[in-house]
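Each chain is listed here by its residues.
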Amino acid sequence: MRKQVLYVISILMIASMILAACAPAPAETAAPAPTEAAAPTKAAAPTEAPVATEEPMATEEPMATEEPVAAECTDAIGCLDIAPGDPVHIAYLLVVAGPNETLGIDSRNGIEIAIEDAGGEIMGHPIKFDGEDGGCSAEGGQSAGTKLAADPTIVGVIGTSCSSEARVAAPLLSSAGFVIVSPSNTAPDLTEAGNANNYAGYLRTAHNDQVQGAVAAEYAFNELGVTRAATIHDGSLYADKLQQVFAENFTALGGTITGQEAVDPAQTDMSAVLASIAAVPPELIYLPIFMPAGGFIIRQAKQTPGLENTALMGADGLFSPDLVEAAGDDVEGFKVSSPLTTGEPYDTFVAKYNAKFGTTAPISIFHAHAYDAFNLIKAAIEASAVQDADGTLHIGRQALRDAIFATSAFPGLTGSLTCTPTGDCADPNIAVYEYHAGEYPPTVIWPTQ
Amino acid sequence: MRRNWRQRITITDLVVWGIGIAIGAVVVIGTIATLKSGKYAPSTWVDLSIKGLALGGVYALIAMGYTLVYGVLRMINFAHSEVFMSGPFTAVFLANYLARTGFLDRQPALSMLMILLLSMAVSMSIALLLERVAYRPLRTAPRLVPLITAIGASFFLQYTFRGLYGSGFEAYPIPKVLQGSIQLGTIRLFYTQIVAILGAVLMMIILYTIVQRTKMGKAMRTISEDKEVAAMMGIDVDRTIAFTFALGGLSAGAAGILYSLLFPVVNFFMGFFPGLKAFTAAVLGGIGNVAGAFLGAIIIGLLESVGPNLFLDGLGIPTPSQLKDAIAFTILVFILIFRPTGILGERVAQSKA
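Protein chains in written order, with the numbering used here: chain A, 1 to 449; chain B, 1 to 353.
These aren't lab readings, by the way, just hints derived from the structure by calculation. What you are looking at is a predicted structure, and each value in this text was computed from that prediction instead of being measured. Some clues are possibly wrong.
[Said to hold, decoys possible] Below, in silico cross-link-like pairs of lysine to any residue (SDA-like), each with a Cα-Cα straight-line distance of 20 Å or less:
#1 A:K128 with A:G194
#2 A:K302 with B:P173
#3 B:K36 with A:A279
#4 A:K302 with B:K36
[Unchecked claim] Simulated restraints, written as ranges between beta carbons of each label pair:
#5 A:I11 with B:V26: 41 to 49 Å
#6 A:I9 with B:G316: 58 to 66 Å
#7 B:N96 with A:A83: 49 to 57 Å
#8 B:T101 with A:A150: 47 to 55 Å
#9 A:A200 with B:G180: 54 to 62 Å
#10 B:I317 with A:N222: 28 to 36 Å
#11 B:P142 with A:N195: 47 to 55 Å
#12 A:T448 with B:K39: 33 to 41 Å
#13 B:V201 with A:N195: 52 to 60 Å
#14 A:I9 with B:I151: 47 to 55 Å
#15 B:I151 with A:S143: 46 to 54 Å
#16 B:P142 with A:A200: 30 to 38 Å
#17 B:L189 with A:G225: 44 to 52 Å
#18 B:G38 with A:V444: 39 to 47 Å
For every residue, glycine included, the Cβ atom is placed at its ideal position computed from N, Cα and C.
Isolated chain B (complex conformation) (with noise of 0.2 Å):
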């Protein structure tokens, strides 16, 4: 027995639980040396949190699209960053006509659900004609051949959009009524966070429901645990998977108005960083668990925006905030290390072995 266990651990896996430890250690001193310090007030981690929070609002309605995908085709669809970004870029001619007719400070809630409809609409375009055109003819072919398309399609996206939109900045223009805060005792909430966090928990709430209770959920699931089976079953999967990809769509377009609110500004290459920090929180969730995606997007919001300075400062390293993005992986590495199926990937695991 005692043979067996040392037999069992290899090189690889002491080497790989060390590496864990130490970023574990990293963690723990860096932490407890930067409060030690008291250079923070606490309200400064407050402010943090929440910024966090709203940001992994966004990361977690486009973490959706990456995962229902993966969880009815078995894909990661690279492009989703590109369905994200082509809503928003697209509402923002929107926006700024409406700015300039001074609709939107008249109007802001109508204007706001005009632009939300617009950009989901788009982005919910784009989806559903990827999947047509680039992902359904190769549903059969081998695992890499979709995922190499959709890189594909990601940089055919990105580039069209910047043939069709120029490659410069474009601001967003943000309602009067949302520019400002309010105090909470030493807490200070943004409109714009309040805005975009409620939202997000708002899409969650309305996506988890569509997964879980309507039919069309049921299909989707369904597929997912095996798509011959499906399909004998009367389930239409052409349409089922086109659906999902819609659903992705509309996410993420919802996502991309409440990140142009955060970060008001939008190019051709605004979907990069936030899609492969999505596709980080999905895996880190637990990919295909839509429950998961949602934890992950937070816990990568939280720390991207609170551990550059909770974590590094304390232990002397200069301009930490350039790590945020090493910090946000780095943690991924760390708990894969630990659970290799994500944070609430067991239970999909199993069900669907």
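Bound conformation, chain A alone (with noise of 0.2 Å):
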């Protein structure tokens, strides 16, 4: 009897894993299907179309949009042949989850709404948008990476968040012949002409580091007066890299580094590293770094002799609702250097935001960058797609990567955006935010205007 019972609960929870397993991904927001096929011949008139259409290669079909195109391949890296009312597939690998989640589910909120601007479509396709947890470390970059890249019908993948994600990630995404525009990578290396981080199809919205860590060095030399700093990092490809930057940029500008100190991800106590700065006390402590450690270093600096007054300076990663929460009344104060996105089209998408996810104020900073990263894609997509009598729409994944890197001048919420042969397409603003207690955003303080 009892064996039986046995029997059949084993039988349920196999049945249940293969159910779980089988169910759709979460967070799928396919668009609603059109109601009839429109079937719009192709919009290839540049003088409308945001991405300046200078011929793609020579392995492009020839723009011809009346003649039946020949059902054989030509694109170098593959073909995508959407019929019509199928979707047309772009994924998202953020991190939706865990500490940081707040980074990737902000951007993700960017993506749908810029979906609900295109009308939920593209070329008269609907779109199916759905995507991967990334973590924001290596490992859920590998995994998330290796579910996308198996994925033969998705046409880009908007991600990643994290630096350390898109390390392992890009190849992955770049060999399946995607293109990758990530909204929120800010690693130097990704984009550097002639390194092997940066891989075909792989493009950025964010700025580049090399801007970032640059203002943040000009803010604490000029405008704060420091003369001797300190950095902390955790051993991430974004905090390392930057703190990096920032120290190259403070020693040109005249100013000492007193010590390039390193945490683990998951540490609490800092009590030790905290220390070791405070041996040879700075006057600015820069830690480009994430939650939760950031949390704890900040509350742990103003119990450390010697560091109760230093100024503490964190970068975009640091800014999140999470660290007013964590750090408490310690945060009064803090520093962050960030990207800072203003005009009236903003502002119309942050009241779009707020009514669309019923917050006051969006909760991370790389929504706009998000959203331009799929309007990219978009325009790539209409630029270098051909589009049968019937709908059938053939996009050629080279030709695809052409169109992209070829943006020149594109009108983004954060920007122009014109993209460099290495993957650069930001129009970097960055300001220096600073935190009150318990409040959050916190308030732009540099540049003044």
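Two chains, two frames, some hints: make the complex.
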């Protein structure tokens, strides 16, 4: 009797696992299917298309729209044919769970608004939008990247959130032939010419940390008048590179770096590293790291003899409502460098965002970059894809890449975007923000308007 | 005789001893080099030691759970780190509520007591539930079975709490009276550290008294000697084992609140590292031994806090703080090479043989 019960339970267990595995991916926001196959002829008119359509490479099909395109594929890295009514599949690889989830969820929110603004369709095809959590770590990037790379219906991926994810996910997605547009990777080597970590088809709408590190150093040296600074990183690609750029620029300006320390991302007790910094006391500690380590350092620095009044400064990784929560009153006066987006289209976007997600302010900073990332992909599809009379869409993967890399003076929320041959599309505008206890978002303090 | 001695020493022994001596040499050379460089003021070492003591006290309370359960059941309860997490992660909601209404600052002692009791109650319930559901049915199973069950239970609890309370971070409010510090000469003591150290010592004394002086404690010790004979002598084995788990849960719940005073942010994963360290401490002190767990925990706490700067800074190793866990575990290896039963382990091993 007992054995039978056990048998039934184990069968149920296996069944539930299989069911769970086959369930649709969460957070899928497939756009509504078009009610009729409107099948517009190809929107190739370059007068309106924001992407400059300098004729892509020779591998591209002739742009004649009248003739039905031959079935065989002439694109160098593969083609994607989307039948009438089938969706254009765009995926995300963002951190949407765990301690840094606001960063990725915020970006995903931006994309969802972009999809709404596009009317839920690209060239008459509905948009299928889903994705994977990257966990803001190399391991998460690896598993999410592997999963996405195995899906041949994907046209482009928006992501990753964190540079560590990109380091392992970008090669996977790149060899799968996708275009990858990151709204928030900032590590310099991802778009450095000739660098092994700069993969084909990878672009970003976020600023390069060469810019952010320089701005932070300039603010610290010229505006705060600090001449001695220490840095702390957490071993992540983003933090390590950014503190290095900061240190180089700060030294070039005439400052002294008193120490470059590191912590573990999961560390809670920061007394050893802070004691080590306090041994040669700096006037500023630059900690371009993430949550929760950032919160612990801010709290414990105030309790470390010699560092009670040392200025603390972070970067966009600590632009998070969780920091206000985690650091309590000690967050007062904490500074972060982060992109500043302004302008009328952005205000309209924020109003939509708040209405859609019930917030009083966007929950992180890269929503506009994600919005732009989606629109870059959309514009590039419109510029490079070929459409048959019945609505079938032929996307050449290399042609799509060429079209997106040819983006020039694209009017985005974050500015006028022009992609370099190495994949930097941002129009960076970095500001310094200051936190006040119990308040989010922090206020812009520099550059003063 | 001489040949005998040579035969008994194997290559493995030599390698192990070599590792042990190398670790010892690194520690000694690093310490001398750091102290010679004079980079740190003496007060820095005092500060770090006090932090280490406070941390060690918390580890000791968690380690009690491991060591008591090992004592009666000869099994390692790897889900204990989740017992530790469940208390403070639940009590944070009460704490936040009290902070919002201002009660926390008006009546700090009463509120802290309420928070502490809630945390202890939750941790105890989880520990009892764990024993009843996951371990009791497997008590006669081979040793590896409950061990694997414990790991499974650990994940189950972790993700249950993640599902219940979310994966984000919750900040612990600290009453105003506990914020700040007093200066004793060159030594600065934070109130939270004082509370953590005193609380841990008090809890340890209570636990030690229960185990050594009460009837229930006697029953626990009897079961750890021999379960069958204890049952024949009229001791209710199930009840006593449940009591042991309850005791471990209570001390873990108290440890959770003290830990949250030191590091006032909680989330569902907070138990993992403290649990691992406490387990290490229990092994270091000699698992199954209450006094040993306390001693081991203080050593681990101190090593972790003072170790990176003291041992590695002088050797010119960059960013030693990242290696603080490595130091704690390397020292564990070092001590176990020379004392495989732990620092106070021998007495137990003999009496139970």
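Verification of the hints:
Between K128 of chain A and G194 of chain A, the direct Cα distance comes to roughly 34 Å. Violation of the 20 Å bound is thereby established for this hinted pair. Of the pairs offered as hints, the one joining K302 of chain A and P173 of chain B holds, with about 16 Å between alpha carbons and a cut-off of 20 Å not exceeded. Taken as a hint, the K36 of chain B and A279 of chain A pair is honoured in the structure, with Cα atoms around 14 Å apart against an allowance of 20 Å. For the proposed pair K302 of chain A and K36 of chain B, the alpha carbon gap of about 28 Å is over 20 Å, so the pair is violated.
The supplied range of 41 to 49 Å is broken by I11 of chain A and V26 of chain B, whose beta-carbon atoms lie about 56 Å from each other. Between I9 of chain A and G316 of chain B, the C-beta spacing of about 59 Å keeps the proposed range 58 to 66 Å intact. For the pair N96 of chain B and A83 of chain A, the beta carbons lie near 54 Å from each other, so the given range of 49 to 57 Å is met. Against the hinted window of 47 to 55 Å, the Cβ-Cβ separation of T101 of chain B and A150 of chain A comes to about 52 Å, which satisfies the hint.
Between A200 of chain A and G180 of chain B the beta carbon distance is about 57 Å. The supplied range of 54 to 62 Å therefore holds. Look at I317 of chain B against N222 of chain A: about 34 Å separates their beta carbons, and that is inside 28 to 36 Å. At about 54 Å, the CB distance of P142 of chain B to N195 of chain A agrees with the hint of 47 to 55 Å. At roughly 39 Å, the beta carbons of T448 of chain A and K39 of chain B sit within the given window of 33 to 41 Å.
Between V201 of chain B and N195 of chain A the C-beta distance comes to about 56 Å, which sits within the given range of 52 to 60 Å. Hint check: I9 of chain A to I151 of chain B, Cβ distance near 21 Å, so the stated range 47 to 55 Å is violated. Roughly 21 Å separates the CB atoms of I151 of chain B and S143 of chain A, a value that falls outside the hinted 46 to 54 Å. Checked against the hint of 30 to 38 Å, the pair P142 of chain B and A200 of chain A fails, with Cβ atoms roughly 54 Å apart.
Distance hint check for L189 of chain B and G225 of chain A: the Cβ-Cβ separation is about 34 Å, which falls outside the suggested range of 44 to 52 Å. One distance hint, 39 to 47 Å for the beta-carbon pair G38 of chain B and V444 of chain A, holds here, with the actual separation near 44 Å.
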